[in-house]
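Could you put the whole structure together from the sequences, leaning on the hints where they help?
With my numbering as the guide, the letters of the sequence shown map in order to residues 180 to 459.
No wet-lab data here; the hints were simulated from the structure.
Here the structure is a predicted model, which means the values were calculated and not measured.
Ideal Cβ positions, reconstructed from N, Cα and C, are used throughout, including at glycine.
Among the clues, some could well be false.
In silico lysine to any residue, SDA-like type, Cα no more than 20 Å apart, as pairs [what the hints assert, rightly or not]:
#1 299 <-> 351
#2 414 <-> 347
#3 210 <-> 249
#4 299 <-> 352
#5 185 <-> 244
#6 414 <-> 393
#7 299 <-> 320
#8 414 <-> 295
#9 185 <-> 218
#10 299 <-> 309
#11 185 <-> 253
#12 185 <-> 199
#13 210 <-> 404
#14 414 <-> 244
#15 299 <-> 403
#16 210 <-> 399
#17 414 <-> 317
#18 185 <-> 238
#19 185 <-> 233
#20 299 <-> 356
#21 414 <-> 297
#22 185 <-> 240
#23 299 <-> 253
#24 299 <-> 318
#25 299 <-> 409
Between beta-carbon pairs, the in silico distance windows are [unchecked claim]:
#26 352 <-> 426: 17 to 25 Å
#27 388 <-> 197: 23 to 31 Å
#28 210 <-> 327: 45 to 53 Å
#29 198 <-> 427: 41 to 49 Å
#30 302 <-> 346: 21 to 29 Å
#31 237 <-> 379: 17 to 25 Å
#32 350 <-> 388: 20 to 28 Å
#33 370 <-> 446: 31 to 39 Å
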Amino acid sequence: MAEHFKIVFEGQLRPGVELETARLNLAQLFKTDVSGVDRLFTGNPVTIKRSLTRDDAQRYLAALNDAGVEGRIEPEEPVSMRLEEVVEDAPRPAFEPAASPYAPPRTPVAQDWPAVGELKVFSIQGRIGRLRYLAWSLALVGVAMLVAALCVGVLSVSLVAGGLLGTVALVAFVVVSIQIGAQRLHDAGWSAWLLLLNLVPVVGSFFPIVMMAVPGSTGPNQYGPPPPGNTSRVKVLAILWLAVLALALVAGMMGGLETVQEQVEATTSEYEQALNWRIA
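Here you go:
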């Protein structure tokens, strides 16, 4: 009777390989969602392939090593044909053997996401698209301007009360900005920690543009189901915010040109005065 082997995995990583990298590599190897391979990293032995010949087992183990994880080959016990020795098998693992040793296991998605996600402004969970991110940003800036006007009014009455109100308003503005920014990054399948790039010189000048431009995942990703479709109100607010940003950019460029022109005129005037003094 031909000897068969199985591949056993206990969640061990190869030296120098990060957990997130291994998860992504295994998801690509098994052709499943990243969340579908999380059950492999519980620390318990999981049989991910059965009924392999020795050569097939070696090749499959090499593929796992290339993905950044450590597995092992174990021989399968021969099936007993005596009725009195037949016992009930343990529940089969989620990764069942496929017909081909290189075919991906047929694993269900780990989480049963709804068709679309729920919108929550004051949360870092969930996803929002580009237009809704622009619309929410405009609404946030509008509220911030109203609160700033209120703070100025309070400052005229009491410096302490105005200062406290301004501090609370600033903290609230930053927190809500982080929350909607995190949801925008989640829609693209990125970690919310990338918001820290806004603090990096030079990079922080361009990363907000990337957040507004990068498209989101078409289906569910590790951060949840896709957001609902954009309403007419969202589209109008997004267009208004783009118009405001465009006007601010043009105004900044015009102001910069005027500054350069003034500097050139001042330099020219000084040069002419110096030239006239030498001639005199």
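To see whether the hints hold, each was checked on the structure:
1. For the given pair, residue 299 sits about 16 Å from residue 351 by alpha-carbon distance, which is consistent with the 20 Å threshold.
2. Restraint check for residue 414 and residue 347: the C-alpha separation of about 31 Å exceeds 20 Å, so the hint is violated.
3. Straight-line distance between C-alpha atoms of residue 210 and residue 249 comes to about 19 Å, which keeps the hinted pair within the 20 Å bound.
4. Restraint check for residue 299 and residue 352: satisfied, since their Cα atoms lie roughly 16 Å apart, inside the 20 Å limit.
5. Of the pairs offered as hints, the one joining residue 185 and residue 244 holds, with about 15 Å between alpha carbons and a cut-off of 20 Å not exceeded.
6. Taken as a hint, the residue 414 and residue 393 pair is honoured in the structure, with Cα atoms around 17 Å apart against an allowance of 20 Å.
7. Distance hint between residue 299 and residue 320 is fulfilled; the C-alpha atoms sit about 18 Å from each other, no more than 20 Å.
8. A C-alpha spacing of about 19 Å is found between residue 414 and residue 295, which places the hinted pair at or below 20 Å, so the restraint holds.
9. Pair hint residue 185 plus residue 218 holds up; C-alpha atoms about 18 Å apart against a cutoff of 20 Å.
10. Only pairs whose Cα atoms come within 20 Å are accepted, and residue 299 paired with residue 309 is accepted, the gap being roughly 15 Å.
11. Between residue 185 and residue 253, the direct Cα distance comes to roughly 5 Å. Compliance with the 20 Å bound is thereby established for this hinted pair.
12. Straight-line distance between C-alpha atoms of residue 185 and residue 199 comes to about 25 Å, which puts the hinted pair past the 20 Å bound.
13. At most 20 Å may separate the alpha-carbon atoms for a hinted pair to count; residue 210 and residue 404 meet this at roughly 19 Å.
14. For the hint pairing residue 414 with residue 244, the CA-to-CA distance comes to about 48 Å; that exceeds 20 Å, so the pair is violated.
15. Our distance criterion of 20 Å between C-alpha atoms is met by residue 299 and residue 403, whose separation comes to about 13 Å.
16. Between residue 210 and residue 399 the CA atoms are separated by roughly 15 Å; this keeps the pair inside 20 Å, and the hint holds.
17. Straight-line distance between C-alpha atoms of residue 414 and residue 317 comes to about 12 Å, which keeps the hinted pair within the 20 Å bound.
18. Restraint check for residue 185 and residue 238: satisfied, since their Cα atoms lie roughly 12 Å apart, inside the 20 Å limit.
19. The suggested pairing of residue 185 with residue 233 holds, with an alpha-carbon distance near 9 Å, which does not exceed 20 Å.
20. For the proposed pair residue 299 and residue 356, the alpha carbon gap of about 13 Å is at most 20 Å, so the pair holds.
21. For a cut-off of 20 Å, the pair hint linking residue 414 to residue 297 stands: about 18 Å separates their Cα positions.
22. With a C-alpha separation of about 10 Å, the suggested pair residue 185 and residue 240 falls inside the 20 Å cut-off, and the hint holds.
23. The hinted pair formed by residue 299 and residue 253 fails the criterion: a straight-line CA distance of about 49 Å is larger than 20 Å.
24. Restraint check for residue 299 and residue 318: the C-alpha separation of about 14 Å stays at or below 20 Å, so the hint holds.
25. Between residue 299 and residue 409 the CA atoms are separated by roughly 15 Å; this keeps the pair inside 20 Å, and the hint holds.
26. Separation of residue 352 from residue 426 is about 21 Å and conforms to the stated range, judged on CB atoms against 17 to 25 Å.
27. For residue 388 and residue 197, the Cβ-Cβ distance of about 28 Å falls inside the hinted range of 23 to 31 Å, so the restraint holds.
28. For the hinted restraint 45 to 53 Å between residue 210 and residue 327, the CB-CB distance of approximately 52 Å keeps it satisfied.
29. Here the CB-CB span from residue 198 to residue 427 is close to 42 Å, well matched to the stated 41 to 49 Å.
30. Our hint of 21 to 29 Å for residue 302 and residue 346 holds, since their Cβ atoms are close to 23 Å apart.
31. One distance hint, 17 to 25 Å for the beta-carbon pair residue 237 and residue 379, is violated here, with the actual separation near 46 Å.
32. The supplied range of 20 to 28 Å is met by residue 350 and residue 388, whose beta-carbon atoms lie about 26 Å from each other.
33. Taking the beta carbon of each, residue 370 and residue 446 are about 49 Å apart, not inside 31 to 39 Å as hinted.
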